[in-house]
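**Q** Chains as they are written, first to last, in the working numbering: chain A, 127 to 286; chain B, 217 to 539.
Source of the hints: derived by calculation from the structure; they are not laboratory data.
Just so you know, not all the hints are guaranteed correct.
Unchecked claim - DSS-like mimics (lysine-lysine), calculated; alpha carbons at most 30 Å apart, straight line:
#, chain 1, residue 1, chain 2, residue 2
1, A, 155, A, 181
2, B, 488, A, 181
3, B, 325, A, 181
4, B, 431, B, 404
Bear in mind the structure is a predicted one, so any value in this text is a computation, not a measurement.
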Amino acid sequence: MSFEPRILGLLCNWCSYTGADLAGTARLKYPPNMTGVRVMCSGRVDPGFILAALKNGADGVLVCGCHPGDCHYVEGNYKCLRRIPLTKIVLQGFGIDPRRLRLEWVSASEGLRFQEVVTKFTEEIRALGPLGLQEWGFDPSNPAGDKQAERISAPLGIGV
Amino acid sequence: MSKPKLAVYWAASCGGCDIAILDIEDKILAVADFFELCFWPCAADFKYKDVEAIPDGGITLTLFNGAIRSSENYHVASLLRKKSVVMCAFGSCAADGGIPGLANLFTLKGLTDYAYLQSPSTDNRTGIIPQPVTKVPEGELTIPVLWNTVRTLDQVVSADYIIPGCPPQSDQIAAVVGAVIDILQNGKPLPPKGTVLGASDKSCCDECPRKRDIKKITKFIRPFDAKLDPDICLMEQGVVCCGPATRSGCGAKCVKAGVPCRGCYGLPAGVKDHGAKLISAIASVIDSTDPADVARILSEIPDPVGTFYRFSLPESMLRRAQV
Chain A
127 MSFEPRILGL LCNWCSYTGA DLAGTARLKY PPNMTGVRVM CSGRVDPGFI LAALKNGADG
187 VLVCGCHPGD CHYVEGNYKC LRRIPLTKIV LQGFGIDPRR LRLEWVSASE GLRFQEVVTK
247 FTEEIRALGP LGLQEWGFDP SNPAGDKQAE RISAPLGIGV
Chain B
217 MSKPKLAVYW AASCGGCDIA ILDIEDKILA VADFFELCFW PCAADFKYKD VEAIPDGGIT
277 LTLFNGAIRS SENYHVASLL RKKSVVMCAF GSCAADGGIP GLANLFTLKG LTDYAYLQSP
337 STDNRTGIIP QPVTKVPEGE LTIPVLWNTV RTLDQVVSAD YIIPGCPPQS DQIAAVVGAV
397 IDILQNGKPL PPKGTVLGAS DKSCCDECPR KRDIKKITKF IRPFDAKLDP DICLMEQGVV
457 CCGPATRSGC GAKCVKAGVP CRGCYGLPAG VKDHGAKLIS AIASVIDSTD PADVARILSE
517 IPDPVGTFYR FSLPESMLRR AQV
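Start from the sequences, fold in the hints, and give me the full structure.
**A** In structure tokens:
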């Protein structure tokens, strides 16, 4: 069976969620891989949400907010604009491809743009393949995690 | 009536926690008066077999410091868990993984290769790397097996209470030990399992005496890069300070001394990922709306993962770097 990516979409209530609605009412087709979650503002997106999504099986996270200057709360999307790049830097430090996280601006009237963004992001995640994040849970029958130890080769994290 | 037994152990730690216990000064006499010390490798000569001889549940209180990263750490943690009524994760390493937890950014092979072969000060021409089992004419010699992933105490055995800090502040230790003695002497109920002792629920900023105003950062600096104002918030001066997302209880000692909070008291109440909250707090104060400018300012943060997860990597959501 081919790989179907699981994508979490965090959509701002005022622009992007309405844009997604517009895409729906306009019968615009886009891949069903994204599960949209409405948040009040892209500035409400805690980087912890993104880490939790990736940890719990998402292959990619798409954050959508109002275009710069259009935020319903004046500057929430600017906060998001600053947090996402730092989250990407940290993801890279954890050995996760930062392309799995994307920030896009979609306004309420841009149903067509929403369709394009989701289609393109889904294809990119499909090309990246499954995230395959390991649990790293503790197994008392194999406390040292020897199987993991055998797979390791080069030190990570230097110069992050 | 025999005295209640007290055990203190160090796993993957530096020994600073043991020193911090001795730092409670004359109150240590009250501790010695009330408890019978049954195990404390740092301070007195006890063997593992002495602990094994104690009946299950025979130790009233164990203060366990250090992360779990080897078969020996795990063995003693399990042993003490079995023997103890109350098991406290004492200090950052036992509570959140601490500094040894940063090994989770690397691989075991990467670490041992660097330590035994590659580091500039290493002279190991025959390339010897310690092996768990070595055969010698007299028989087999064994050393503990080092793990690929560093873990917190609570991830491998259950811990009843957490006393955070690197090390926990001595006044807090004295207060906790005093409370424990009070509970045992007067038959009071124990706090619920999982309670964080010797700290408060708020963030370090709550205890910080520096003046706070609107934060607008155009450049991140390190404390030695500039002459810092002693009365103004360090974040406002461009220093990456972990205070906003770190539990208080230390009395904001570092910031009072002009050094940014390093995050040793760990996650405040209700926070699941220390680093994520720090990303949130630190990125949002950047004074720019231009993505290229933001990227440039962010690139000035030295070692972001190591800074944001300095004491809490094994306790974080992702736990370690993917390999």
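**Q** Please verify whether residue 431/B and residue 404/B have alpha carbons no more than 30 Å apart.
**A** Since the Cα atoms of residue 431/B and residue 404/B sit roughly 46 Å apart, the hinted pair is violated (cutoff 30 Å).
**Q** Compare the distance between the alpha carbons of residue 488/B and residue 181/A with 30 Å, and conclude whether the hinted pair is satisfied.
**A** At roughly 13 Å apart (the allowed maximum being 30 Å), residue 181/A and residue 488/B satisfy the hint.
**Q** Between the alpha carbons of residue 325/B and residue 181/A, is the straight-line distance 30 Å or under?
**A** Holds - the C-alpha atoms of residue 181/A and residue 325/B are around 25 Å apart, at most 30 Å.
**Q** Within a Cα-Cα threshold of 30 Å, do residue 155/A and residue 181/A meet the stated pairing?
**A** Distance ~29 Å between residue 155/A and residue 181/A Cα, so the pair holds.
The structure fails hint 4 only (numbered hints given earlier).
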